[in-house]
Amino acid sequence: MTMIELQSILPLIVLSIAIVQLMLLIAFRRGHALTAGFTVAGLLLTLASIPLAVAVGPQQLSLLSVDAFGMFFTVLLLGVSLASTLLAWEYLRHRKARSEEFYLLLLLATLGALVLAFANHVASLLLGMELLGVSLYTMIAYPEKGKLPMEAGIKYLVLSGCASAVLLFGFALIYAAVGSLSFVGIGERLAEVSDNQVLILTGSALVLAGIGFKLSVVPFHMWTPDVYQGAPLPVTGFLATVSKGAIFVALLRLFVEAQLHQFTTLLTALSVLAVASMLVGNLLALQQQNLKRLLSYSSIAHFGYLLITLVAIGILSGSKLAVEAASYYVVAYVVTTLAAFAVISLLSSDGGDEKQLVTDLTGLFWHRPLLAGILTLSLLSLAGIPLTVGFIGKFYLITAGIEGALWVLLGALVVGSAIGIYYYLRIIYVMTLEGDNKVVEHSTPWLGESVAVLLAVLVVWLGVLPQPLMVYVGGFF
Amino acid sequence: MVLVNLILILLAGGVIAWLAERQHPLLPRWIALITILFDLGYFLTYMSDLSWSQIAIVPNPTDATTWLLHYKAEWIPRFGISFELAMDGLSLLMVILTLVLGAVAVSSSWTDIKQRTGFFEANLLWTLAGVLGVFLALDLFLFFLFWEVMLVPMYLMIAIWGHEGRGYASMKFFIFTQVSGLMMLLAILVLVMLNHSNTGVYSFSYFELLDHKVGGDIAFYLMLGFFVAFLVKLPGFPVHTWLPDAHTQAPTAGSVILAGILLKTGAYGLIRFVVPLFPNEALAFSPIAMGLGVAGIIYGAVLALGQDDFKRLVAYSSVSHMGFVLLGVFAWNALALQGAVMQMIAHGFSTAALFMIAGSLQERMHTRDMSKMGGLWQNMPRMGAVAMFFALASLGLPGLGNFVAEFMVLVGLFAVAPWIAAVAALGLIVAAIYSLMMMQRAFQGKPDEGRRLPDYGLREMLTMTVMIVGLIWLGLYPQPVLDTAQPVLDSLMQMVGSVAEPTKVAGLMP
Chain A
1 MTMIELQSIL PLIVLSIAIV QLMLLIAFRR GHALTAGFTV AGLLLTLASI
51 PLAVAVGPQQ LSLLSVDAFG MFFTVLLLGV SLASTLLAWE YLRHRKARSE
101 EFYLLLLLAT LGALVLAFAN HVASLLLGME LLGVSLYTMI AYPEKGKLPM
151 EAGIKYLVLS GCASAVLLFG FALIYAAVGS LSFVGIGERL AEVSDNQVLI
201 LTGSALVLAG IGFKLSVVPF HMWTPDVYQG APLPVTGFLA TVSKGAIFVA
251 LLRLFVEAQL HQFTTLLTAL SVLAVASMLV GNLLALQQQN LKRLLSYSSI
301 AHFGYLLITL VAIGILSGSK LAVEAASYYV VAYVVTTLAA FAVISLLSSD
351 GGDEKQLVTD LTGLFWHRPL LAGILTLSLL SLAGIPLTVG FIGKFYLITA
401 GIEGALWVLL GALVVGSAIG IYYYLRIIYV MTLEGDNKVV EHSTPWLGES
451 VAVLLAVLVV WLGVLPQPLM VYVGGFF
Chain B
1001 MVLVNLILIL LAGGVIAWLA ERQHPLLPRW IALITILFDL GYFLTYMSDL
1051 SWSQIAIVPN PTDATTWLLH YKAEWIPRFG ISFELAMDGL SLLMVILTLV
1101 LGAVAVSSSW TDIKQRTGFF EANLLWTLAG VLGVFLALDL FLFFLFWEVM
1151 LVPMYLMIAI WGHEGRGYAS MKFFIFTQVS GLMMLLAILV LVMLNHSNTG
1201 VYSFSYFELL DHKVGGDIAF YLMLGFFVAF LVKLPGFPVH TWLPDAHTQA
1251 PTAGSVILAG ILLKTGAYGL IRFVVPLFPN EALAFSPIAM GLGVAGIIYG
1301 AVLALGQDDF KRLVAYSSVS HMGFVLLGVF AWNALALQGA VMQMIAHGFS
1351 TAALFMIAGS LQERMHTRDM SKMGGLWQNM PRMGAVAMFF ALASLGLPGL
1401 GNFVAEFMVL VGLFAVAPWI AAVAALGLIV AAIYSLMMMQ RAFQGKPDEG
1451 RRLPDYGLRE MLTMTVMIVG LIWLGLYPQP VLDTAQPVLD SLMQMVGSVA
1501 EPTKVAGLMP
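Residue numbers (the numbering used here), protein chains in the order written: chain A, 1 to 477; chain B, 1001 to 1510.
Heads up, a few of these hints could be off.
Stated by the list, open to error - Part of the chain A face toward chain B, derived, beta carbon under 8 Å: (1) 25; (2) 380; (3) 398; (4) 402; (5) 408; (6) 410; (7) 418; (8) 421; (9) 422; (10) 425; (11) 427; (12) 447; (13) 466; (14) 467; (15) 471.
To be verified - Examples of chain A residues toward chain B, derived with CB under 10 Å: (16) 13; (17) 263; (18) 383.
To be verified - In silico lysine to any residue, SDA-like type, Cα no more than 25 Å apart, as pairs: (19) 1213/B with 405/A; (20) 1114/B with 372/A; (21) 320/A with 1077/B; (22) 1114/B with 1030/B; (23) 155/A with 187/A; (24) 1172/B with 289/A; (25) 1172/B with 358/A; (26) 320/A with 72/A; (27) 320/A with 1196/B; (28) 1172/B with 418/A; (29) 1172/B with 1302/B; (30) 1372/B with 1398/B; (31) 320/A with 187/A; (32) 1446/B with 1459/B; (33) 1172/B with 72/A; (34) 1072/B with 1046/B.
Since the hints were derived computationally from the structure, they do not count as laboratory data. Where is the CB? At the ideal position from N, CA and C, for every residue including glycine.
Assemble the whole structure, with the sequences as input and the hints as a guide.
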């Protein structure tokens, strides 16, 4: 490895050093604020190292390709981790639990996510995925007593382990057929190999199932509501944004570079998964009384929407517009979802039981207008109402779908969104009801609230002035 | 820039009204009223510089510079989206209607709203801003944006300050409009992508898209996408079912805005987008559209007959009246089209007034059930007289605006489809029955002995006078309104002239 190559992966190196330092720090001196502060500093340093890494230009390493696409999502994922750290600090500081190791796990998971953003080889893909996954098992079950977090952690551990095994087996089959493990290598050889169709198809079906599980696409979605519900709120937010986002980014690169779209069967399978996710996710969300479960089903539906872009990439064999649409939608989804979880997590930051039920929000507009406003904004964005980033995301999806003439998928998108409006609006409606007006004394978590405000500003800003980001994500691949 | 300011003033007024509640709970309504009147005054002073001859110029639909006012700024060049507003005679009329009825709505909620007055007035002003945007936007992306965004404050108005069934009603309102809006979005995007594949550029500009019309089978489906969205908002049979619920549950000001202004955005959309963008397809579709119009007229009128709830009755009468607009637009001749525009304005005034009366009754008697009323004229003679006037206007008494509108639609329609005109005219008879029945049940009969109800005061009478004068003026001297709309409709007829020979309306000539 040359110095230039090392410099190009500087963010990964800085973050790794920060992790080791944090571990040593915890060994010598415990302190919640200290650990959290150190974590923030580590993430900020990592962010600061990005200009240095960008300065040497795009680099193709043997396991990682450091390009604009990867760097862009690195910034996004680091930003989300930073926000999650602050939210976790607000959430944990009134709870009696040893919380220092939590930040260590959070940084490890972030490192895994960053590796995924750069991964151009099956080995680095799996490495990133496992790093992310293993940290998450512990984070899900981390600080709470009680049965639910433990149940959720074990459920995620067992199922995610199985999914990883399926994924590995899939890649093994593909390797057997084409003899290469790098994405580009697979892509090049796929066109040549014609006699091993069965191996490749079985392999890619298994890969699809494995990744589908991580993204909780129907019919691999069963774990999602339970894990969302059991995990502590900041972790749920982290799982929904960093974990799913990073894995989708890796999938996007795999899809484009390995040119999996050559297989129409695969595209058909993807379309079926997309339609099923859009419809089932939205339908199951309708009757949920628990906010976390509701948002879990909503995220299932959103990944159904996102799959449209993959099918469009396939149909149009690597359309720039579809890649652009996928990238923008990931940003929209991550920012919006994090804003929603930020609000719910802040509501539970007084150390009491989590406010998980929709009815817990009754009258929120009148006693905590700021948080209610932010939640309303993010729900409208999830529903795809204009002036929010969610609308631009949906706009992109529809445009990409039209370019690929995917009428069935677009029909499912319309039906799904129509159902979706109901449950998003229901939450807004509950917030406008008159509560019992008991004034609850709460210390204002100003740090967390400013994170939420920042996210809300992003939701509106990217929804009103999307041009700069559009141009930027238009330059990928 | 005037057009942008019109919208900005309302938005800013909303924010100020919201903040002013902290100073004094009664302050927001004054701020709202002043904002709207200032906006109206600002607009009229600017407009007074324009002479009639300018208004009489037939605007070239594909050349923005021939319009009265035009503003364009680049917004999202990646997809050729710009912030483009323009005004012609039609939008001029709609802007004035919006602002006048906006002021009426503020007045109608003067004493009605006691909780969170600041946020209420803010939502009211933001809804008006959204509606103005819809009437002025000529970039399809921007139009859709305003179309959707105006729903949110309206939704909040119904959901927060509505009556007993507000949760259900507001949800239904939002979902109906939003889902139909999604179909329109799909149609808009397909249109833009087709244009992109033909010309190589992305553009959402109305003028650009008019220049490059699409043809073929797909154009018919695109037309349907737009049509459904506007039909829901109009509301036309059979997608009108949100309207009785939303109207009944909304606070008075909400009903006034809904009936007076929001429904007109649907009619406006039909005239502005459906007919010019898809003339051939709209013509082929016109028998069905007219059928829906007639069905709406008769169905709405018959259902209005059976209502006990004062507001529900007025709501169903709205469905019936808006059927005439649908007929007027799809009759494909200038006279009927003029009638449709006239109906948009006249119905705005008359229905808004009836909803105000319903609101005052609810405020005084805490019921909208007409079987619990009766003899109110003796308790409240002024209100009774006002109600009588608007009931007569609504049933189409000659000399008032609604008569002119419905008459023109029927005459225009008779030339192309006499049978449909004949059936539609039946609606007028039923309208007379339900309007008079409403008067009899609520205001005539034996008064309840112990009932003491305050009659209309100065503020209410003043508001009502504005609308009474408006309707009489429209009824006796509609020429200025017709003159203002004429050039726009002329250009529309020119544009579709090649396809719009009356005899071509398939199978409707005897």
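Hints, verified against the model:
Interface hint at residue 25/A: violated, since its Cβ lies 46 Å from the closest Cβ of chain B, which is beyond the 8 Å cut-off. With its C-beta approaching chain B no nearer than about 7 Å, residue 380/A sits inside the 8 Å limit, and its interface hint holds. With a least beta-carbon distance of about 5 Å to chain B, the hint placing residue 398/A at the interface is held under the 8 Å criterion. Because the smallest distance between the Cβ of residue 402/A and any Cβ of chain B comes to about 5 Å, under 8 Å, the interface hint for this residue holds.
For the restraint placing residue 408/A at the interface with chain B, the shortest Cβ-Cβ distance is roughly 13 Å, beyond the 8 Å limit, so the hint is violated. Hint on residue 410/A holds. Least Cβ distance to chain B is approximately 7 Å, under the 8 Å limit. Checking residue 418/A against chain B by beta carbon gives a least distance of about 4 Å; that is within 8 Å, so the hint holds. The restraint placing residue 421/A at the interface with chain B holds, with a minimum CB-CB distance near 5 Å, inside the 8 Å limit.
Satisfaction of the interface hint for residue 422/A is found here, the shortest Cβ-Cβ separation to chain B being roughly 6 Å, below the 8 Å cut-off. Taken as an interface hint, residue 425/A checks out: its beta carbon lies about 6 Å from the nearest beta carbon of chain B, inside 8 Å. Because the smallest distance between the Cβ of residue 427/A and any Cβ of chain B comes to about 12 Å, over 8 Å, the interface hint for this residue is violated. Annotation: residue 447/A was flagged as interfacial toward chain B, and the flag is violated, the nearest CB pair being 26 Å apart, outside 8 Å.
Residue-level restraint check for residue 466/A holds (minimum Cβ-Cβ distance to chain B is 6 Å; threshold 8 Å). Because the beta carbon of residue 467/A sits about 5 Å from the nearest beta carbon in chain B, less than 8 Å, this interface hint is met. Hint status for residue 471/A relative to chain B: holds, with the closest Cβ pair at about 6 Å, below 8 Å. Checking residue 13/A against chain B by beta carbon gives a least distance of about 35 Å; that is not within 10 Å, so the hint is violated.
For residue 263/A, the interface hint is violated, since its Cβ never comes within 10 Å of a Cβ in chain B; the closest pair sits about 26 Å apart. With 10 Å as the threshold, the beta carbon of residue 383/A comes within range of chain B, its nearest partner Cβ sitting at about 8 Å, so the hint holds. At most 25 Å may separate the alpha-carbon atoms for a hinted pair to count; residue 1213/B and residue 405/A meet this at roughly 20 Å. With a C-alpha separation of about 22 Å, the suggested pairing of residue 1114/B with residue 372/A holds against the 25 Å cut-off.
The straight-line distance between the Cα atoms of residue 320/A and residue 1077/B is roughly 17 Å, inside the 25 Å bound, and the hint therefore holds. For the proposed pair residue 1114/B and residue 1030/B, the alpha carbon gap of about 14 Å is at most 25 Å, so the pair holds. For the suggested pair residue 155/A and residue 187/A, the alpha carbons sit about 35 Å apart, so the restraint of at most 25 Å is broken. A hinted pair counts as satisfied when its Cα atoms are at most 25 Å apart, and residue 1172/B with residue 289/A qualifies at roughly 20 Å.
At roughly 20 Å between alpha-carbon atoms, residue 1172/B and residue 358/A fall within 25 Å of each other, so this suggested pair holds. As the CA atoms of residue 320/A and residue 72/A are separated by approximately 16 Å, the hinted pair is consistent with the 25 Å bound. A distance of roughly 15 Å separates the Cα atoms of residue 320/A and residue 1196/B; the hinted pair therefore holds under the 25 Å criterion. Simply put, residue 1172/B and residue 418/A have alpha-carbon atoms about 11 Å apart, close enough for the 25 Å limit, and the pair holds.
Proposed proximity of residue 1172/B and residue 1302/B is supported: the alpha carbons are some 23 Å apart, at most 25 Å. Between residue 1372/B and residue 1398/B the alpha-carbon distance is near 32 Å, which puts this suggested pair outside the 25 Å criterion. For the given pair, residue 320/A sits about 18 Å from residue 187/A by alpha-carbon distance, which is consistent with the 25 Å threshold. In summary, the hint linking residue 1446/B to residue 1459/B is not supported, as the alpha carbons are separated by about 28 Å, beyond the 25 Å threshold.
In summary, the hint linking residue 1172/B to residue 72/A is not supported, as the alpha carbons are separated by about 41 Å, beyond the 25 Å threshold. Between the alpha carbons of residue 1072/B and residue 1046/B the distance comes to roughly 19 Å, so the proposed pair stays at or under 25 Å and holds.
Violated hints, listed in ascending order, are 1, 5, 11, 12, 16, 17, 23, 30, 32 and 33; each of the other numbered hints is respected by the structure.
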